[in-house]
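Novice: Chain by chain, the residues run as shown.
2 protein chains.
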Amino acid sequence: MRCKPLAFALSLSLAIGTVSAAEPAKPAKVPSMQEILDASPASDWRTLDPDRTLYLQLPTGRVVIELAKAFAPNHVANISTLATEKYWDGLSVIRSQDNYVVQWGDPTDDDKSQQKKPIGSAKPHLPAEFERKATGLPFVQLKDSDGWAPQVGFVDGFPAARDPKTDTAWLTHCYGMVGAGRDVAADSSDGTSLYVVTGQSPRMLDRNITLVGRVVQGIELLSVLPRGTGPLGFYEKPEQYVPIVSSRLARDVPEKDRTQLQLLRTDSKTFATIVESRRNRRDDWYKRPAGHIDLCNVPLPVRTPKS
Amino acid sequence: MRCKPLAFALSLSLAIGTVSAAEPAKPAKVPSMQEILDASPASDWRTLDPDRTLYLQLPTGRVVIELAKAFAPNHVANISTLATEKYWDGLSVIRSQDNYVVQWGDPTDDDKSQQKKPIGSAKPHLPAEFERKATGLPFVQLKDSDGWAPQVGFVDGFPAARDPKTDTAWLTHCYGMVGAGRDVAADSSDGTSLYVVTGQSPRMLDRNITLVGRVVQGIELLSVLPRGTGPLGFYEKPEQYVPIVSSRLARDVPEKDRTQLQLLRTDSKTFATIVESRRNRRDDWYKRPAGHIDLCNVPLPVRTPKS
Numbered sequence: 001m002r003c004k005p006l007a008f009a010l011s012l013s014l015a016i017g018t019v020s021a022a023e024p025a026k027p028a029k030v031p032s033m034q035e036i037l038d039a040s041p042a043s044d045w046r047t048l049d050p051d052r053t054l055y056l057q058l059p060t061g062r063v064v065i066e067l068a069k070a071f072a073p074n075h076v077a078n079i080s081t082l083a084t085e086k087y088w089d090g091l092s093v094i095r096s097q098d099n100y101v102v103q104w105g106d107p108t109d110d111d112k113s114q115q116k117k118p119i120g121s122a123k124p125h126l127p128a129e130f131e132r133k134a135t136g137l138p139f140v141q142l143k144d145s146d147g148w149a150p151q152v153g154f155v156d157g158f159p160a161a162r163d164p165k166t167d168t169a170w171l172t173h174c175y176g177m178v179g180a181g182r183d184v185a186a187d188s189s190d191g192t193s194l195y196v197v198t199g200q201s202p203r204m205l206d207r208n209i210t211l212v213g214r215v216v217q218g219i220e221l222l223s224v225l226p227r228g229t230g231p232l233g234f235y236e237k238p239e240q241y242v243p244i245v246s247s248r249l250a251r252d253v254p255e256k257d258r259t260q261l262q263l264l265r266t267d268s269k270t271f272a273t274i275v276e277s278r279r280n281r282r283d284d285w286y287k288r289p290a291g292h293i294d295l296c297n298v299p300l301p302v303r304t305p306k307s
Numbered sequence: 001m002r003c004k005p006l007a008f009a010l011s012l013s014l015a016i017g018t019v020s021a022a023e024p025a026k027p028a029k030v031p032s033m034q035e036i037l038d039a040s041p042a043s044d045w046r047t048l049d050p051d052r053t054l055y056l057q058l059p060t061g062r063v064v065i066e067l068a069k070a071f072a073p074n075h076v077a078n079i080s081t082l083a084t085e086k087y088w089d090g091l092s093v094i095r096s097q098d099n100y101v102v103q104w105g106d107p108t109d110d111d112k113s114q115q116k117k118p119i120g121s122a123k124p125h126l127p128a129e130f131e132r133k134a135t136g137l138p139f140v141q142l143k144d145s146d147g148w149a150p151q152v153g154f155v156d157g158f159p160a161a162r163d164p165k166t167d168t169a170w171l172t173h174c175y176g177m178v179g180a181g182r183d184v185a186a187d188s189s190d191g192t193s194l195y196v197v198t199g200q201s202p203r204m205l206d207r208n209i210t211l212v213g214r215v216v217q218g219i220e221l222l223s224v225l226p227r228g229t230g231p232l233g234f235y236e237k238p239e240q241y242v243p244i245v246s247s248r249l250a251r252d253v254p255e256k257d258r259t260q261l262q263l264l265r266t267d268s269k270t271f272a273t274i275v276e277s278r279r280n281r282r283d284d285w286y287k288r289p290a291g292h293i294d295l296c297n298v299p300l301p302v303r304t305p306k307s
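From first to last, the protein sequence lines are chains A and B.
For the first sequence, the UniProt record's numbering gives the first residue as 1, with consecutive numbering after it.
For the second sequence, the UniProt record's numbering gives the first residue as 1, with consecutive numbering after it.
Hints are computed from structural coordinates only; laboratory data are not their basis.
Do not rely on the hints blindly, as some may be mistaken.
Since copy identity is lost for identical chains, a pair holds within one copy or between any two.
Stated by the list, open to error - The calculated lysine-lysine pairs, modelled on DSS-like cross-linking and capped at a C-alpha distance of 27 Å, are: (1) Lys287 x Lys69; (2) Lys116 x Lys133; (3) Lys86 x Lys287; (4) Lys133 x Lys165; (5) Lys133 x Lys237; (6) Lys237 x Lys165; (7) Lys165 x Lys86; (8) Lys29 x Lys237; (9) Lys287 x Lys123.
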């Protein structure tokens, strides 16, 4: 008998599940993630706000980024200015480090001998936005333990952590999270150089660098880029750079050209159901439900609205 | 002032560190990971065993996999037979799912109407090897907590978990780990279809599928492959398949053509120093040491021996 490799992972089909390998098989209809989503009310979904949606247009397609204004208001404001003034147009993806990050910005950024692209009316200096006051945030806490933070969960679709002792909250470095590159000084990022996590969540970066948002569509256009052969995965030759066609806020793009997306609300009942269905997989492929889910393993469903 | 994006991550340069943002800066020479490795004695390194090293030769280069005989003896034996009998030659990488896995094997595996490639003298049926007895294993435990298992650590270079209550141990789904695809039945894998983790560690798969080894070099040849557009990231058209030139045990390759690699012993003092240096980053870029490291964030250093 040969194995069928299709069966594991995000099975979209209906499954007749056993509870666990140790218990007797109880045939029970376990809804798949897709079935849970299909049964969700429209009110459990939200539409991306064009004022805080950034497009990164590459030759291969569009990456859609939701900006986290509640956590990094100064960076998001600067990034918005840079996008509106077409700062990134003609700049490049300059780094792809395996199991870590892809980064884009001005290729001459680190070369003091070269003329940098002017940043227009964007601010040359911003405060570090590593964490903020937790009070006032709609923090949906996961019950699961986390090695890096006292509490983890979601705030309006973003993975986040919270420390009740200090009343602080911060965004976390999960796959797809976007941050602002900086120099040694904590407040040396200005939003011109952005990176996205494309590997095992580097949570040691949490509260060490300003996260500004999350890729909600098109991450695979960045994650497959050839790894750079220079130190830290930087490309060594200009011909390796991947050109940025343009980068714009959705609000600056004609409505007909915007990417229409809906995101499952992380404070919805449907989301809670999804989390539990992933914490303990009960379809017939899984023999042992894990009883745990890591913050960065929680899926954040996105869909294209029916037209 | 503009940001320099080079500064974060695996800094190889010497750093003058502050202890944390909350404490006064104490200029202290903090050795980098590279300096720790450079200072290590030769006895802290081991050479790959040609009997349990599998090469996966792609048109773009060679992926080197160390097989985990101690955890999956039956699968490793079958994989060895398949490699020696050239089973994978001319087969393909058939799946690349973003933030999850890349998989290779017989493209016709899931199509009952097609003739499958014969498996020669390999066994058509193997036991599931999800876990084993912990007693007798040289388990080097991390002091860090883990949400998925009572204890985590390393066994001879492989990330692993242990449950002292049941005296069991198992390999864990960290980035680069290689497993044997299976159908719904726990014992339906035969080692012909293999996958490698290329995203956030899917630890919910632990003890649900047989892990057989780990990529120790060349993961970037797999992780950049275009994502498949079919369900679960399977390629939909034969022209999307990436051909496997050959797959061989190192022992079956002339010595001059083998990839010479040394791996840092995970039971060495140098490894313990590396883990602590990554658990609490004290170079001048990091403002807040994390005080924690996740099992799947621990680097497993590999080097090419000086000739």
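Novice: Run through the hints listed earlier and report the numbers of any the structure violates, in increasing order.
Specialist: Hints 2, 3, 5, 6, 7, 8 not satisfied by this model.
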